[in-house]
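J.: Protein chains in written order, with this note's numbering: chain Y, 718 to 1008; chain R, -14 to 230; chain Z, 69 to 454.
Hints in this document: simulated from the structure, not taken from any laboratory.
Watch out, some of these pointers could steer you wrong.
Stated by the list, open to error - Just a sample of chain Y residues kept apart from chain R, beta carbon distances all over 10 Å, derived:
#	residue
1	Ile798
2	Gly844
3	Leu894
4	Lys980
Unchecked claim - In the DSSO-like style, the derived pairs of lysine-lysine whose C-alpha atoms are separated by at most 27 Å in a straight line are:
#	chain 1	residue 1	chain 2	residue 2
5	Y	Lys980	Z	Lys259
6	Y	Lys883	R	Lys13
7	R	Lys74	Y	Lys806
8	Y	Lys806	R	Lys53
9	R	Lys150	Y	Lys883
10	Z	Lys444	Y	Lys836
11	R	Lys53	Y	Lys803
12	R	Lys74	Y	Lys804
13	Z	Lys168	Z	Lys259
14	Z	Lys447	Z	Lys399
15	Z	Lys251	Y	Lys836
All C-beta atoms, glycine included, are put in the ideal place defined by N, C-alpha and C.
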Amino acid sequence: MFLQLLINGLIAGSIYALISSGFSIIYTTNKFVHFAHGSTATVAAYFLYWTFSGLGIPIYITFPLTIFVAALFGFLIHLVIYLPLKKRKTSSVILLIASIGIMIFCDNLMQLLFGANVKILSIFPHGRGIEFLGAYITPIQIAILIIVLILFVGLWTFSKYSRLGKIMRAVADNPELAKTTGINSVRIQHWSFVIGSAIAGLAGILIALEHNIEPSMGTHLMIQGFTAAVIGGVTSLPGSIVGAYVLGLVENFGIWWLPSGYKSAIAFVLLLAFLLVRPQGIFGINKGARE
Amino acid sequence: MLEIQGIKKSFGGVEAIKGSNFIIEKNKITALIGPNGAGKTTLFDIIAGFTRPDEGRVLYEGEDITDKEPHIIANLGISRTFQQVRLFKNLTIGDHLSMVENNGDMNLIKNIFRKKKVKRVKQETYEQVLEDFGIKQTLETHINDLSFGQRKLLQIAMALQKPHKLLMLDEPVAGVNKVIQTEIENLLLKLKEKNETILLIDHDIELVHRLADHVIALDAGIVICEGAPNEVLKNPKVLEAYLGE
Amino acid sequence: MPKKLGIMIAGLALFLLIGGGCSRTDAPTTNTSGATETPAVKDTSPIKLGWLGPLTGDVSSVGTANREGTELAVKEINDAGGINGRKVEVVYEDGACDSKTASNAGNKLINVEKVTAIVGGLCSGETLANTTVAEENKVVMVAYGSTAPSLTTAGDYIFRVVPSDSYQGKYAANFVYSTLGKKKVAVLYAKTDYTEGIAQVFIDEYKKLGGEVVLTDTFLQTDRDLKTQLTKVKNSEAEALYFPTYTEAAVVGFKQMKELGLSISIIGPEGYADPKIVAAEGTHDTMYTAPVSPENESFNNKFMAATKRTDVPIYTTHAYDATKILLETIKKVGTDKEMIKNELYNVKNYQGVSGEITFDKNGDLATANYEIMVIKNNKSEKYSAQ
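Assemble the whole structure, with the sequences as input and the hints as a guide.
T.: Written out as structure tokens, the structure reads:
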């Protein structure tokens, strides 16, 4: 049972990581909470459903197309909504409220277009999982684990060895100052939304395959993705993935003893604990004042 | 090198700059002086591209840069510092110094992977910079752990480290103690020897006397007098404008 | 300027967040009691009924068919001239099998549309969300699918043409213990009125029979990942799993049972008759209890002809009967709400297409009969012990 719970925790963590990593990239560069990030995954999932199940386009076209659409979606939100607000020097709180508004709008739009019922994407057949020392894991779940692992390695390398990581943090801290050093701050911000949203698009695809599609799926995941990012440290890119695994494992092992209904409660307790005791998360760099 | 032509700027009905015209010559240290509110920092903002003037042009090496974006202007070779020291909160000294390098080339791939050897060379260069500036800290020190004087020095170090043709310093010695002030002065003198082009804003008359080749006195952005330090600083119109301080 | 814009956006966002869920509580103006329709002149205005059920969300594949059952009943009455010369109009509202949505819908029917009576809801949660407002406004509700035991004492104005799960839960417990011979069972149920109600009845009865409930665990109606609960079930010594749940979570559950290699017998309540569950992956050999419905070929034929459907989903006959009973009662006593309520308690041995209907003093069905169905290759058939 331990092994199965471990696998369950890793799978749950991987899914949260897909959301938290993209979110972390955006937060690190823009210093406000883009709650509508979850909606990017939702829109991607529905787009995949529409093109694959509705129009019958083969997956080797729809998969990359979906990721592209997701990146475009995030980019447009930044361009059309956040940038104009930022130009008026609105605070991060206002931007957060705007992002919540976008999130609600998108969820309802998806419901309007596709209905509230759960949509099942039957691209790959579901079957009995592969047995492994008494625990079961399915091919899709293995694929998710591998993809997230690759993502983690990529982000860690990027963070440690790349100048771009530092540039992103500089842009987040003081875009005007960054400009004086010759950095095109706005373009960096655009890129953060493109890359972060592309990852959310990937998340949408994988989650649609593993868990099916519902209008509110992105919002639920965003709450957990946000918690994961806080636990790992919102300003640490690899940290967001570590935080996701911590959350996934704690949730699944937590309900070994507690009734399963407490799963969400565990997530919130963890979030609260970190916010109170260590707001910069496990890997957060936070010398001095709280963000 | 830099020409200001007919610049006018108002903020909410108040005319900060009524019509500015002057030229900054190469290889000289030019000082902008004037009472508070004379529009000096505003001119810096306009030159560096952070604000657009209502009227007029800024020509840099013959090119009209009035409407260009700040980062483009920075990459054309204009370095500036701020009156209130501005640095990146959560980065280290080393980060700041590496931040100013080569930003004209934003090639993503190049920026993601840097050869180890290049990194080592840069490391040594930066350590030398710290030594030159007398900043007794390591490259890994966070900004929050520096004293005010050290931050001011770092700001200037960054401006210098950045590939530049024109250095704009906004009150480089304001608020520092005598020791650091002397350090910065000596630094500027060294730069003068190296024939750097510097545009300086400062209130310290003595300092201006010692450093500047050319002085421009402004009041509401209008040049009321310019010339060699001796002449300008004794000019009655200038003294009158200052007495209002 | 930025401040104003910020406040506007904040206000809009707040409005969106809050505005969605407010239920109105207008004080009822007319129709609370007494004669409202004693016309000196003959009244030809239409009789307004309300209908409540899931048109979206969980179990909507059943709810949409049930609505058509009501539509058929209403059409038949109207085609025959209506009730005392008045046409019957129905306002259909979506309860989405969710208490909050159903509460808004019920409020709208009672306080805005001011309907005479309500056919509905399907899900127990939908009905229970409206019992108080219905009682206060003396609006009769005749539920056509709500089986939770707690409805028995919900009020004088609340009726149902389906039996209480206090029967079904016991029937299931007996089946699992005696017929299937499983002495150790795990119970995994969703936290809703319906599923929790029947789970509790099952557990009590099963223990009374001498069986051991080795594990009970729960999940939310909206949960879409049951892997951990199912892992616990797999790890327990359970020989069978009693799994009361609504459709969307059921589909997830069956899929994940298959993935995890959980192979014990699965038994559920009548909600499993939802075509969406029957068609789902991993449901082969799953058994469920279902109220015995007489085979009514003529009804089935006319329903399928009218709706172009190829089957008659569960509770459609009940929705049809509930509608008919209400309308016939109104024909007898008029539209006075209290008189409608009183007359309904007199319904005895009504021959409905869903079976014989007699209301007891609680507005419940006086008798209940169940049978076991089993899903084989995504089709439901009667269970037979071989």
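J.: What are the numbers of the hints the structure violates, in ascending order?
T.: 3, 6, 14, 15
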